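For the sequence shown, the positions run 3 to 289 when the numbering used here is used.
If you are wondering where the hints come from, they were derived from the structure by calculation, not from laboratory data. Since this is a predicted model, take the numbers as computed values, not measurements. There may be inaccurate statements among the hints.
To be verified - The following label-pair restraints were derived from C-beta to C-beta distances:
# : residue 1 : residue 2 : range
1 : P71       : P273      : 28 to 38 Å
2 : P71       : E163      : 22 to 32 Å
3 : A93       : P144      : 37 to 47 Å
4 : Y275      : Q113      : 34 to 44 Å
Ideal Cβ placement from N, Cα and C applies to all residues, glycine included.
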Amino acid sequence: MTQSSQPATPAQPRKPRPLALSPSRASDYQQCPLLYRFRAIDRLPEPKTLAQVKGTLVHAVLEEMHELPREERTYPAAVKMIKPAWEKMRAGDDELDELVPEDQTLDFFVQARALVKGYFEMENPQGFDCQEVEMYVNTVLPNGVPVRGFIDRVDVAPTGEVRVVDYKTGKKPAPRFSHSAQFQMRFYALVYWRLLGTIPTQLRLMYLKVIDSMFLAPTREELEYFERDLGELWARIEGDGKAGTFHPKTSKLCGWCSFQDLCPAFGGTPPAYPGWPGSAADPASTN
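Given the sequences, and given the hints that come with them, work out the whole structure.
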């Protein structure tokens, strides 16, 4: 599958800002340093995908549902939230009307409803109150790596144990392809620990489409090792950033990249490098 017929538009890059590491940007750099540059530094626009938009909608519904009183957290109540949540998304983004035309909206809602149903088949939200939903985390690790991101949900038991939960609306990867998912969860476990001083007892990825979960139980040793890995990764990113040497790295994933027309590996020419925007860990930066 190729999206070369829908090239990114380099004419209107967004203003650079001091950078921090997130799971998605870390994944970008590991996949292809040039992809990281286009997304994090040039901040070039990309067309949205139906899967991304559906995931955003379901996340919004589950976030709102968890804010209701326990007795109101029901599947029918969550289903009723789908249309208002979608209208709110559409109001701020004209692109969504093209991605999901009016004559396809009903089918889109049916797909979203199936994911919401998958959630309710996996747990009963009336049995607990979560501590946080869509928790924004933003800090600098002890080794100087700036990190930021959003945790879907944090649960804290009466006895103090912490569970970090992330919703997934796609397929559950086979074990040999689960590295990216595990990376994301360890990332948020590390950041939560460094921010709040508690290592989460459990990390849970909820795959709503297939009604299955992936669990991790991080240890201090594992998170310290992971922190060292992040330090090495960030050092490579900073090195490329200051030298302006973000090279392309070809793989099977290139077929899904929206920047092929700008990639030297496909005969394209990247826009002029705007320069390293700095790290969010720098004293002079603002987050």
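Cross-check of the supplied hints:
1. P71 x P273: 28 to 38 Å: The hinted range 28 to 38 Å is violated for P71 and P273, with Cβ atoms some 51 Å apart.
2. P71 x E163: 22 to 32 Å: Since the Cβ atoms of P71 and E163 sit about 24 Å apart, the hinted range of 22 to 32 Å holds.
3. A93 x P144: 37 to 47 Å: 42 Å, holds
4. Y275 x Q113: 34 to 44 Å: 40 Å, holds
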